Each structure stands twice: as structure tokens, then as C-alpha cells.
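2 protein chains.
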Amino acid sequence: MFGSLIDTLIQNLRCLPGVGNKSAQRMALHLLERDKPGALKLAQTILEAVEKIGRCDCCRSLTEESLCPICSSGRRHSRQVCVVETPADLYAIEQAAGFFGTYFVLYGHLSPIDGIGPEELGIDKLMDRLQTDNLDELILATNLTLEGETTAHFIADKARSLNVAVSRIAYGVPMGGELEYVDGGTLNLALESRKVF
Amino acid sequence: MFGSLIDTLIQNLRCLPGVGNKSAQRMALHLLERDKPGALKLAQTILEAVEKIGRCDCCRSLTEESLCPICSSGRRHSRQVCVVETPADLYAIEQAAGFFGTYFVLYGHLSPIDGIGPEELGIDKLMDRLQTDNLDELILATNLTLEGETTAHFIADKARSLNVAVSRIAYGVPMGGELEYVDGGTLNLALESRKVF
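These protein sequences, in sequence, are chains A and B.
Numbering that gives the first Met the number 0 puts the first sequence at residues 0 to 196.
Numbering that gives the first Met the number 0 puts the second sequence at residues 0 to 196.
Calculated directly from the structure, the hints in this document are not laboratory data.
Among the hints, erroneous ones may be present.
One copy or two, either will do: identical chains are not told apart, so a pair holds if it fits within one copy or between any two.
[Unchecked claim] Result set (DSS-like, lysine-lysine): computed pairs, CA atoms no more than 30 Å apart in a straight line:
hint	residue 1	residue 2
1	K124	K35
2	K21	K157
3	K124	K51
4	K157	K194
5	K124	K157
6	K194	K21
7	K21	K40
8	K157	K51
9	K40	K51
10	K35	K21
11	K40	K157
Predicted model, so just to flag it, every value in this text is computed and none were measured.
Next comes chain A alone, as it looks inside the complex (with noise of 0.2 Å):
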């Protein structure tokens, strides 16, 4: 319609998460018609991004240094390890900002029907930063999933074996949350992991 070049602009946006047809469509010509400068910058940040942004050699977490931000930091208790299945996760609890120990990501869970097993998700990299660490208290910060729970399993009893202890991140009625509107799930939960008042 516009030309190859427009269409395959529109069809190279779909790769972003939640990005349809239409949205993309949007995209391309509002970054066309109105925003060169910010299509120019974008680009350039993502070609720089791809090329210097890895894994932290301490936590796995994405980063453009060695050591990322938070392993970094002299004011993180590193004696404090919170296990969280991805950058996002880890994301999510940095800005609740109530958390200042460090973190180890997976980068997904166990899962061998997929073929991913204790190497893939950097398990023995961890156990070795238990050893040598260490560490006062591991936190399992896994998805409340069958996959999220079997890891944090593995990973429990892996470092009990180390003799760090081991704890699981509460799940109950969420704050704010109406019993009405709870699923069940979570109610069953919330009530078996009642705690003295």
C-alpha cells in the first residue's frame, strides 16, 4: 500500500510483546509522520542495548556492567538471597522497594519437557555462590505455578543440603483484596497459612 519498506517496518514491530497488526500499523506511521527524532533514538538505543547489555556475573540479572547495579552496590545486604524466575520479577520488587538484599534469576523454571533442567537456569552457579557466600537466608521468590513451586522445591532442598536457610515468599488474600472476590485457590491458601494474631 505505502511500499516494502513501511510493511516491513509494520510487520518487524509485531516482534514487541502485545504489539498486533493494528497497533503496529499505529506505530509506524506515528513514528514516520510525527516522531523521526524518537524512531532515530529508539533505534539506536536498541542497537546499543542488543550489542552491550548481558548477564551480571553475581545474579544473572540483565545488565550492561559486569556486576549489575544492585550486586554492586555496598549498601545491599549481599548475605540475603532472593531467587526470582526473571528480570521482570525482579523488577516488580525492586519498585515495591521494600527488599534490600540481592537477587539471583532463573530465567524461567524447571521444565523438562522443554529441556530445561538445573544448568539452564544457572542452579549450580548459585549453590556455588551459597558455598562461598556465605549467606544468611535464601528467599524463594518463584511463581505460585506447579513449574514455580517444583523449582522452588528443588532449590530448597539443594541448599538445606548447604545448610542455608531456606524461606518461600507469603501468598495469601492480597492487600486490599475483598474475600468475595478471592478465588478459591488463594482462600484455601490464605486460611492453611494462617498465622496467630
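We have chain A already, so just place chain B on it with the hints.
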């Protein structure tokens, strides 16, 4: 959190329309974690598109050649010209696949308060084309807003003085529209523009 380069990437992704902070973050992490080849291709296409894509010499639509595929096609009725406000409108009409003439893109509507007059919309260029191309019909497909209507009237007056037949696309109840849910303005228009049955 991850370092300044990722934060810059998240910030720059927000130049895309409809992308807020949360979506930009999701996009950045998706590109870096899961689709580096897609990210590279996207960045290169953006750079190429920004460099090469300009306006068609004849209809002002976006294209990488001097003439867009529609203007250079031998199969379109070049003596029928449809005037639209934006390339997105052109795209919408093309996707409906029922129009076989050519286009003229205004890139906006008359808006003296923003300093947008006939010159900015290329109306002189359109009038030149009306005179030299010996047109059969000028179809005005600007939006049914105050500004779109004003622009349509302005162009219609100029075109009539050159003895070109001018038409305006029909407005009324949309296909599949149930009267109960159609807004009052549209209903009044549909009644005013009623046709012999």
C-alpha cells in the same frame, strides 16, 4: 535498577503511541531476554525507514520511492482523487478494498490557531493537480469533525471554481449499527441524508 542503558531503552520505547511505562518495561525485557535478533531487525528497519521514507510527489502519502505504489500503478483510476487527512485514513480505505482511484493526503486539517493553513496542507499542490490532470471527481474524505468539515468546504469551493465535480463521503448509521445505540448526532445526520428507497 538494571543500569542506565536499560532505563534509557525503556524511556525511548515510550515514544511509541499507546506505550506507557509498564508496557515499555515489558517490551525492553522481552527484546533483551528473548528476541535479540528481532530487536536488531527492528532497529535496522527503523533506521532505514527514517532515512528513506518521504512523501509521494503526487499524493503526499508516505513512500520510499518518488511515487507511491498507488500513484505509480497503472490499474488505478487516476482521474478520481480521494482527499484524506492522514496516511492512516488512506490505509483504512485501502484495507476496505472498495476504492480504485488515487489519493491526496493533507496531513491534518485547517487550523488557523495552530498556524495550519492551506499551504501546510498542500492544497495549492492539489489544485495544480486538478488543473493539469483533468480530473473526473474529487472525493472529500476528511473527518466529520468541525475542522474536517471546514477543510472539506474550503477545498470544495476551490475545486468548484476549477469546474471539478466534488463529492463528500456519506455519513449515517454504520453497518450493523443498531439505532438504539447510535448517538443522536449520527441519527440526525442519517435522517437528513435519507435516500429514496
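Practice prompt. Tell me, in ascending order, the numbers of any earlier hints that this structure violates.
Written response: Checked against the structure, the hints that fail are numbers 2, 6, 8, 11, while the rest are satisfied.
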